[in-house]
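As they're listed, the protein sequences go chains D and W.
Basically this note's numbering = 1-based index in the first sequence + 6.
Basically this note's numbering = 1-based index in the second sequence + 6.
A portion of the hints provided could be inaccurate.
Which copy? The list can't say, so a pair holds if one copy fits it or any two copies do.
[Claimed, not checked] Restricting the straight-line Cα-Cα distance to at most 30 Å, the calculated cross-link-like pairs of lysine-lysine (BS3-like) are:
hint: 1; residue 1: Lys128; residue 2: Lys81
hint: 2; residue 1: Lys134; residue 2: Lys9
hint: 3; residue 1: Lys17; residue 2: Lys117
hint: 4; residue 1: Lys93; residue 2: Lys153
hint: 5; residue 1: Lys131; residue 2: Lys17
hint: 6; residue 1: Lys46; residue 2: Lys20
hint: 7; residue 1: Lys9; residue 2: Lys131
hint: 8; residue 1: Lys46; residue 2: Lys95
hint: 9; residue 1: Lys95; residue 2: Lys120
No lab work stands behind these hints, which were simulated from the structure alone.
These figures come from a predicted structure and were not determined experimentally.
The lines below spell out each chain.
Number of protein chains: 2
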Amino acid sequence: MVKIEEAIQQKEFKDPYNKVVVNLLYTNSFLVTSQNALFKPYGISPEQYNVLRILRGQNGVPTTVSSIQERMLNKMSNASRLIEKLKLKGFVKRSECPNDRRQVDVLITEKGLKILTELQLKVEKGNKMFVHLNIDEVNQLNDLLDKLRG
Amino acid sequence: MVKIEEAIQQKEFKDPYNKVVVNLLYTNSFLVTSQNALFKPYGISPEQYNVLRILRGQNGVPTTVSSIQERMLNKMSNASRLIEKLKLKGFVKRSECPNDRRQVDVLITEKGLKILTELQLKVEKGNKMFVHLNIDEVNQLNDLLDKLRG
DNA sequence: TAGATTTACATGTATATACATTAAATACAA
DNA sequence: TTGTATTTAATGTATATACATGTAAATCTA
Numbered sequence: 007m008v009k010i011e012e013a014i015q016q017k018e019f020k021d022p023y024n025k026v027v028v029n030l031l032y033t034n035s036f037l038v039t040s041q042n043a044l045f046k047p048y049g050i051s052p053e054q055y056n057v058l059r060i061l062r063g064q065n066g067v068p069t070t071v072s073s074i075q076e077r078m079l080n081k082m083s084n085a086s087r088l089i090e091k092l093k094l095k096g097f098v099k100r101s102e103c104p105n106d107r108r109q110v111d112v113l114i115t116e117k118g119l120k121i122l123t124e125l126q127l128k129v130e131k132g133n134k135m136f137v138h139l140n141i142d143e144v145n146q147l148n149d150l151l152d153k154l155r156g
Numbered sequence: 007m008v009k010i011e012e013a014i015q016q017k018e019f020k021d022p023y024n025k026v027v028v029n030l031l032y033t034n035s036f037l038v039t040s041q042n043a044l045f046k047p048y049g050i051s052p053e054q055y056n057v058l059r060i061l062r063g064q065n066g067v068p069t070t071v072s073s074i075q076e077r078m079l080n081k082m083s084n085a086s087r088l089i090e091k092l093k094l095k096g097f098v099k100r101s102e103c104p105n106d107r108r109q110v111d112v113l114i115t116e117k118g119l120k121i122l123t124e125l126q127l128k129v130e131k132g133n134k135m136f137v138h139l140n141i142d143e144v145n146q147l148n149d150l151l152d153k154l155r156g
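Modelling step: build the complete structure from the supplied sequences, incorporating the hints.
The structure is reproduced here in structure tokens:
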């Protein structure tokens with residue numbers, strides 16, 4: 007195990023709160039690097055994969071862009087342009103929402119479902135490999151992260 | 007407390023390992039958004055602040071670009087260009103390393119030290135505010151993150 | 001209902017990230 | 001020593017992020 011102090015060669019932190027913020031940022035970067043490598047060969051980004059999962063979860067019910075935005079992991083990223091990218095790859099369809107012409111309905115295509123299935127097992131295995139914790143520790147970590155956000 | 011399932015409106019996860027990966031990504035985005043807001047008025051990014059802290063920790067001993075790169079929180083970001091930005095703002099000095107002319111020595115300036123001091127208290131308070139955990143929980147979380155990375 | 005406000009999405013723009021390539025200096029090996 | 005490999009930093013480039021602005025449609029309000 008490499009403690010955060012060792013990983014970034016910092017002798018000590020002001021207090022555990024400041025340390026945990028740095029630890030989160032560092033661990034996230036570690037995770038994102040690993041995820042990028044996994045997704046790269048498929049020409050899709052981690053957040054694009056996440057959006058496809060959101061759409062599949064809808065079971066054929068169309069979803070608006072703003073609803074996708076709210077559920078994205080990175081709240082600041084641009085759902086509109088991300089969906090455009092997915093459309094260019096043929097993974098989603100867009101259509102004007104009939105009741106409200108401002109809104110846009112987004113649906114996952116067969117091709118989108120196919121790549122999701124293709125990727126899913128790899129991602130799930132990758133995640134398990136990445137997290138060097140036993141089941142009790144993972145549950146604990148999930149609880150602490152939920153609590154941390156308040 | 008908002009559980010991750012509620013935050014991103016996902017009913018359930020394949021297993022706690024996949025859940026914790028999503029939880030980390032989501033919590034990180036939450037944190038980065040909060041940090042950006044704090045740093046914005048000072049015209050400096052969180053990673054730039056971090057590099058200034060690394061340099062201050064050197065106590066006047068110059069550091070090479072690659073050594074800074076290794077210690078950055080985001081391993082993939084570009085130390086060379088980040089240092090260029092800090093130099094333009096007058097927060098660091100760059101000079102050719104005498105023993106190895108490939109390397110570049112980086113030093114924090116008085117102005118850099120000044121903005122660090124100015125920001126530090128705000129950042130420390132911000133971090134404490136951000137992390138809704140008691141001291142035991144924060145220590146636990148630090149240990150779990152260290153262990154997670156293996 | 002006319003005009004103002006709000007909402008939904010798209011677009012513009014500056015910067016950051018991810019990753020490949022280049023250029024110069026050094027180390028190494030025949 | 002001379003050519004090759006490696007290291008260090010800078011640069012090029014495509015995409016992503018962060019945030020502001022624009023545009024059209026819907027809603028509110030007087």
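Let me make sure I understand: some of the numbered hints might not hold for this structure. Which ones are they, in numerical order?
4
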